[in-house]
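Engineer: Sequence:
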Amino acid sequence: MSAETSSALAVMLLMILALQLSAAAATDAAPPDVPPPLNWVPPPPQNCSRMCGNVSVPYPFGVGPAGCYWPGLNLTCDTSGQGVARLLLGDGTLQVAEIFIGNSTVRVIRTGDIKVDAAGNGMFGGGFSNDGPYTLSPANELIVVGCNVYAILHEKQENMTMSGCASFCPNQILVSFFIEMGSHFRRQRSPDSKYCDNMGCCQAPLFPSVGDIPPLPGHLQLQWFGSSRMMDDEGPPRSVLVAEEGWFDQEYIYNGVMGFDGITTDGVPPPDYPKKEAMAVPVVLDWAIVVGQERTTRLECTGEEARNICKSSKSVCTTSFGGYICTCEDGYEGNPYLPDGCQDTNECESSSEDIQCYGECTNTQGSFECRCPLGTSGNHTLPNGCVELPKPAKTRNTGLAIGIGLGSGAAGILFILSVFFIIQKFNHEKARKLRRKFFELNRGQLLQQLVSQRADIAERMIISLDELEKATNNFDKSRELGGGGHGTVYKGILSDLHVVAIKKPKMVVQKEIDEFINEVAILSQVNHRNVVKLYGCCLETEVPMLVYEFVSNGTLYDHLYGASLSWNNRLRIANETAKSLAYLHSAVSIPIIHRDIKSVNILLDDTLTAKVADFGASRYIPMEKSGVTTMVQGTVGYLDPMYFYTSRLTEKSDVYSFGVILVELLTRKKPFSYMSPEGDSLVACFVALFAEGNLMHILDPCVIEEGGSEVEKVAMLAVTCVQLKAEDRPTMRQVEMTLEGLQTAKEHVPHGQFEYSEVAICSPSTNYDESNKEDSTQQYSIEEDCILSARYPR
Numbered sequence: 020m021s022a023e024t025s026s027a028l029a030v031m032l033l034m035i036l037a038l039q040l041s042a043a044a045a046t047d048a049a050p051p052d053v054p055p056p057l058n059w060v061p062p063p064p065q066n067c068s069r070m071c072g073n074v075s076v077p078y079p080f081g082v083g084p085a086g087c088y089w090p091g092l093n094l095t096c097d098t099s100g101q102g103v104a105r106l107l108l109g110d111g112t113l114q115v116a117e118i119f120i121g122n123s124t125v126r127v128i129r130t131g132d133i134k135v136d137a138a139g140n141g142m143f144g145g146g147f148s149n150d151g152p153y154t155l156s157p158a159n160e161l162i163v164v165g166c167n168v169y170a171i172l173h174e175k176q177e178n179m180t181m182s183g184c185a186s187f188c189p190n191q192i193l194v195s196f197f198i199e200m201g202s203h204f205r206r207q208r209s210p211d212s213k214y215c216d217n218m219g220c221c222q223a224p225l226f227p228s229v230g231d232i233p234p235l236p237g238h239l240q241l242q243w244f245g246s247s248r249m250m251d252d253e254g255p256p257r258s259v260l261v262a263e264e265g266w267f268d269q270e271y272i273y274n275g276v277m278g279f280d281g282i283t284t285d286g287v288p289p290p291d292y293p294k295k296e297a298m299a300v301p302v303v304l305d306w307a308i309v310v311g312q313e314r315t316t317r318l319e320c321t322g323e324e325a326r327n328i329c330k331s332s333k334s335v336c337t338t339s340f341g342g343y344i345c346t347c348e349d350g351y352e353g354n355p356y357l358p359d360g361c362q363d364t365n366e367c368e369s370s371s372e373d374i375q376c377y378g379e380c381t382n383t384q385g386s387f388e389c390r391c392p393l394g395t396s397g398n399h400t401l402p403n404g405c406v407e408l409p410k411p412a413k414t415r416n417t418g419l420a421i422g423i424g425l426g427s428g429a430a431g432i433l434f435i436l437s438v439f440f441i442i443q444k445f446n447h448e449k450a451r452k453l454r455r456k457f458f459e460l461n462r463g464q465l466l467q468q469l470v471s472q473r474a475d476i477a478e479r480m481i482i483s484l485d486e487l488e489k490a491t492n493n494f495d496k497s498r499e500l501g502g503g504g505h506g507t508v509y510k511g512i513l514s515d516l517h518v519v520a521i522k523k524p525k526m527v528v529q530k531e532i533d534e535f536i537n538e539v540a541i542l543s544q545v546n547h548r549n550v551v552k553l554y555g556c557c558l559e560t561e562v563p564m565l566v567y568e569f570v571s572n573g574t575l576y577d578h579l580y581g582a583s584l585s586w587n588n589r590l591r592i593a594n595e596t597a598k599s600l601a602y603l604h605s606a607v608s609i610p611i612i613h614r615d616i617k618s619v620n621i622l623l624d625d626t627l628t629a630k631v632a633d634f635g636a637s638r639y640i641p642m643e644k645s646g647v648t649t650m651v652q653g654t655v656g657y658l659d660p661m662y663f664y665t666s667r668l669t670e671k672s673d674v675y676s677f678g679v680i681l682v683e684l685l686t687r688k689k690p691f692s693y694m695s696p697e698g699d700s701l702v703a704c705f706v707a708l709f710a711e712g713n714l715m716h717i718l719d720p721c722v723i724e725e726g727g728s729e730v731e732k733v734a735m736l737a738v739t740c741v742q743l744k745a746e747d748r749p750t751m752r753q754v755e756m757t758l759e760g761l762q763t764a765k766e767h768v769p770h771g772q773f774e775y776s777e778v779a780i781c782s783p784s785t786n787y788d789e790s791n792k793e794d795s796t797q798q799y800s801i802e803e804d805c806i807l808s809a810r811y812p813r
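Letter by letter, the sequence shown follows residues 20 to 813 in our numbering.
Be a bit skeptical, because a hint or two may be false.
No more than 30 angstroms apart at the CA atoms, straight line, and that leaves these computed lysine-lysine pairs for DSS-like [to be verified]:
| id | residue 1 | residue 2 |
| --- | --- | --- |
| 1 | Lys525 | Lys510 |
| 2 | Lys489 | Lys510 |
| 3 | Lys525 | Lys489 |
| 4 | Lys333 | Lys452 |
| 5 | Lys510 | Lys496 |
| 6 | Lys456 | Lys444 |
| 7 | Lys523 | Lys456 |
| 8 | Lys449 | Lys333 |
| 9 | Lys444 | Lys489 |
| 10 | Lys489 | Lys523 |
| 11 | Lys496 | Lys525 |
| 12 | Lys523 | Lys552 |
| 13 | Lys456 | Lys496 |
| 14 | Lys213 | Lys525 |
| 15 | Lys744 | Lys732 |
| 16 | Lys489 | Lys452 |
| 17 | Lys523 | Lys449 |
| 18 | Lys449 | Lys525 |
| 19 | Lys449 | Lys489 |
| 20 | Lys456 | Lys525 |
| 21 | Lys523 | Lys213 |
| 22 | Lys552 | Lys449 |
| 23 | Lys489 | Lys456 |
| 24 | Lys523 | Lys496 |
| 25 | Lys456 | Lys510 |
| 26 | Lys552 | Lys456 |
| 27 | Lys449 | Lys496 |
| 28 | Lys452 | Lys523 |
| 29 | Lys552 | Lys496 |
| 30 | Lys510 | Lys552 |
| 31 | Lys523 | Lys510 |
| 32 | Lys333 | Lys496 |
| 33 | Lys525 | Lys552 |
Read the hints as simulated data drawn from the structure, not as lab findings.
Required output: the full structure, derived from the provided sequences and hints.
Structural biologist: Below, the structure is given as structure tokens:
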């Protein structure tokens with residue numbers, strides 16, 4: 020072979036090698052705007068920075084070139100300042116304090132509060148985008164500081180309410196007292212371990228997002244009550260914050276935001292006492308893997324996505340708000356986004372209470388095994404449950420040895436049977452004590468006191484847990500009727516063949532247990548065809564359960580906004596609801612105020628017969644009293660303004676809520692989310708249009724077409740029920756008689772008396788059009804409803 024040929028071959032080999040290296044480099048570092056291929060493996064740590072200052076940077080996050088992180092989860096390590104380097108989110112808008120892979124959250128730091136202009140408007144900021152990987156976690160809360168002011172934080176995409184609360188300083192004297200006695204206020208805590216009690220400041224959790232919409236913070240609206248806006252200069256300095264839940268409950272943080280001095284209860288100022296203008300506020304963000312250009316609600320974890328995103332063979336892929344989340348399987352822990360990232364958990368070395376092994380523990384892949392040691396027998400799940408077996412004595416006599424062996428065997432069997440029966444008895448006694456403990460914790464004694472005059476009711480209405488498990492096939496998921504943030508409702512069939520609905524709360528809260536027992540006591544003594552019938556309750560479990568009749572056709576809310584109801588059905592349902600409330604107010608031995616009348620709490624059966632439900636907030640009113648003073652409870656939009664301001668609960672509070680139901684039936688608009696272009700609530704707008712004679716502009720077209728002359732009479736009744744002063748409202752018996760008269764003697768309006776207008780004076784603006792948001796949770800303060808409604812004649 021010639022020298023020229025050898026040189027040419029060498030050049031060709033070098034070119035081929037260069038092309039292969041280029042291809043390999045392209046494979047190792049996927050471009051940031053497309054998902055990595057299925058066989059892509061993250062670069063080793065030496066090619067990517069996994070630490071910035073004192074913060075660890077686990078994959079899929081990364082600092083460095085493309086390929087060190089999943090697209091969208093890039094971070095920046097800022098080393099330009101003095102001291103420790105800072106880890107910044109994306110393009111550097113927020114500082115990262117800690118990254119959590121297990122629950123897919125990241126804690127970031129914002130500086131200062133939300134800036135609000137003179138009109139009360141502000142933006143949360145933070146660089147969130149609709150197609151980005153970050154959303155605001157429900158583990159945060161809204162904090163408002165100031166006098167007679169309330170704030171509402173709106174969601175960015177759909178302009179729905181994420182949170183809101185109000186802070187009060189009733190008058191100038193109390194403001195001065197609040198300032199002079201500041202050291203006293205900051206040392207007093209409410210029973211829930213919070214310093215804030217709506218005097219000078221308030222706290223509110225973030226509402227969960229609706230449906231598949233990711234919770235992106237956006238517009239902040241700040242408003243003042245009446246003419247008290249100038250109190251900002253004399254009370255605590257106004258400030259609005261979104262922070263991690265629990266951060267504001269620290270005494271020195273509370274003092275700093277409220278403008279007090281830095282002295283804590285022990286008299287020693289903390290070394291890092293914050294200044295409000297430069298205060299480091301922690302915020303928790305949820306994150307997910309976003310594939311493609313934007314999030315989508317039509318997302319499934321197919322095998323391809325699971326292999327491409329969740330690299331560990333022991334990982335599980337789930338979806339969240341249009342993105343993907345990976346977690347390790349049960350029995351494994353680690354980083355599911357890395358090959359072999361999920362490692363087996365050694366349960367034998369774990370201190371978890373779920374690992375009850377008092378014998379020999381052997382760790383296995385994803386689980387563990389527990390047994391009594393050799394030479395012992397018994398129950399290895401109990402302390403001292405493994406008992407040493409007796410050892411037979413040595414003998415040279417074969418017959419004696421056989422006899423001893425047989426005797427020992429019989430003794431061993433007898434011993435095992437004895438241990439078994441002892442354990443059974445022990446478990447039975449333990450279960451009995453546990454049921455008794457739950458009975459006391461679930462306020463069983465309170466139930467006995469509430470129905471002490473009818474002792475047979477308590478015994479008849481207590482249903483065993485075994486009965487409910489049989490009725491629901493051990494609470495099978497296929498028996499679920501629905502549920503929310505507080506619990507789940509199951510359909511079941513009792514042994515007497517009654518079809519029932521079983522209400523099972525998710526968590527134990529003392530206040531909710533009191534409401535639960537209150538509902539049992541009230542419903543057990545109510546017998547009316549338009550009130551949901553209670554069958555009984557179960558107090559033998561950690562979470563008490565309520566058993567009531569199964570109403571098969573959903574709620575008035577579902578029918579009114581799902582498929583429009585006819586006018587005749589609306590009028591009949593209103594009449595039946597009025598009958599049930601009049602019965603509760605005047606026909607029972609001790610009058611009952613429902614306190615939470617709304618369309619969601621009116622159930623409909625197969626014949627669309629109305630049944631009032633959910634008596635958890637109801638109260639007895641002694642015959643000699645006209646009302647009681649109690650903590651304000653109810654639903655925004657339906658709540659009586661006078662009850663809200665005075666905390667004085669009367670029968671007229673139910674009359675106001677029923678009036679709102681009538682307005683809802685006439686307009687088919689949601690009281691808790693409706694807002695006119697002028698800023699009026701549904702009730703205020705309805706009253707104003709009725710006074711002007713322009714009611715047809717807000718009525719439902721179905722009501723205009725079918726209602727006839729009854730419409731104006733029902734509208735007049737609704738306006739009378741929502742009068743601001745309670746004494747100006749009718750009683751529920753008067754309301755029932757009026758509706759009964761309308762139903763028995765109908766007079767049809769001549770054709771053409773009402774003309775439906777496409778342009779509604781009080782219809783929602785484009786930004787607040789609820790027709791495109793069936794699940795809207797937009798809420799407005801009852802104070803605003805009262806203030807706005809006061810402008811119009813009653």
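Engineer: For every hint, state whether the structure bears it out.
Structural biologist: Quick rundown of the hints versus the structure:
A hinted pair counts as satisfied when its Cα atoms are at most 30 angstroms apart, and Lys525 with Lys510 qualifies at roughly 16 angstroms. Proposed proximity of Lys489 and Lys510 is supported: the alpha carbons are some 12 angstroms apart, at most 30 angstroms. Proposed proximity of Lys525 and Lys489 is supported: the alpha carbons are some 20 angstroms apart, at most 30 angstroms. Annotation: proposed proximity of Lys333 to Lys452 is violated, straight-line Cα distance about 41 angstroms (limit 30 angstroms).
Among the hinted pairs, Lys510 with Lys496 is consistent with the structure: their alpha-carbon atoms are about 10 angstroms apart, no more than 30 angstroms. Distance check on the hinted pair: Lys456 and Lys444 sit about 18 angstroms apart at the alpha-carbon level, within 30 angstroms; holds. With a C-alpha separation of about 19 angstroms, the suggested pairing of Lys523 with Lys456 holds against the 30 angstroms cut-off. Between Lys449 and Lys333 the alpha-carbon distance is near 38 angstroms, which puts this suggested pair outside the 30 angstroms criterion.
A distance of roughly 24 angstroms separates the Cα atoms of Lys444 and Lys489; the hinted pair therefore holds under the 30 angstroms criterion. For the hint pairing Lys489 with Lys523, the CA-to-CA distance comes to about 15 angstroms; that is within 30 angstroms, so the pair holds. Between Lys496 and Lys525 the CA atoms are separated by roughly 14 angstroms; this keeps the pair inside 30 angstroms, and the hint holds. At roughly 17 angstroms between alpha-carbon atoms, Lys523 and Lys552 fall within 30 angstroms of each other, so this suggested pair holds.
With a CA separation close to 28 angstroms, the supplied pair Lys456 and Lys496 stays within the 30 angstroms bound. A hinted pair counts as satisfied when its Cα atoms are at most 30 angstroms apart, and Lys213 with Lys525 qualifies at roughly 24 angstroms. Our distance criterion of 30 angstroms between C-alpha atoms is met by Lys744 and Lys732, whose separation comes to about 21 angstroms. Taking the CA atoms of Lys489 and Lys452, the gap is near 23 angstroms; set against the 30 angstroms cutoff, the hint holds.
In summary, the hint linking Lys523 to Lys449 is supported, as the alpha carbons are separated by about 24 angstroms, within the 30 angstroms threshold. With a C-alpha separation of about 24 angstroms, the suggested pair Lys449 and Lys525 falls inside the 30 angstroms cut-off, and the hint holds. In summary, the hint linking Lys449 to Lys489 is supported, as the alpha carbons are separated by about 22 angstroms, within the 30 angstroms threshold. Between Lys456 and Lys525, the direct Cα distance comes to roughly 19 angstroms. Compliance with the 30 angstroms bound is thereby established for this hinted pair.
Of the supplied pair hints, the one linking Lys523 and Lys213 holds, its CA atoms being roughly 29 angstroms apart against a limit of 30 angstroms. Distance check on the hinted pair: Lys552 and Lys449 sit about 34 angstroms apart at the alpha-carbon level, beyond 30 angstroms; violated. For a cut-off of 30 angstroms, the pair hint linking Lys489 to Lys456 stands: about 23 angstroms separates their Cα positions. The hinted pair formed by Lys523 and Lys496 meets the criterion: a straight-line CA distance of about 13 angstroms does not exceed 30 angstroms.
Note on Lys456 and Lys510: the hinted pairing holds, with a Cα-Cα distance of about 27 angstroms set against a maximum of 30 angstroms. For the suggested pair Lys552 and Lys456, the alpha carbons sit about 28 angstroms apart, so the restraint of at most 30 angstroms is met. As the CA atoms of Lys449 and Lys496 are separated by approximately 29 angstroms, the hinted pair is consistent with the 30 angstroms bound. Annotation: proposed proximity of Lys452 to Lys523 holds, straight-line Cα distance about 22 angstroms (limit 30 angstroms).
Note on Lys552 and Lys496: the hinted pairing holds, with a Cα-Cα distance of about 24 angstroms set against a maximum of 30 angstroms. Distance check on the hinted pair: Lys510 and Lys552 sit about 15 angstroms apart at the alpha-carbon level, within 30 angstroms; holds. For the proposed pair Lys523 and Lys510, the alpha carbon gap of about 11 angstroms is at most 30 angstroms, so the pair holds. Restraint check for Lys333 and Lys496: satisfied, since their Cα atoms lie roughly 26 angstroms apart, inside the 30 angstroms limit.
Restraint check for Lys525 and Lys552: satisfied, since their Cα atoms lie roughly 23 angstroms apart, inside the 30 angstroms limit.
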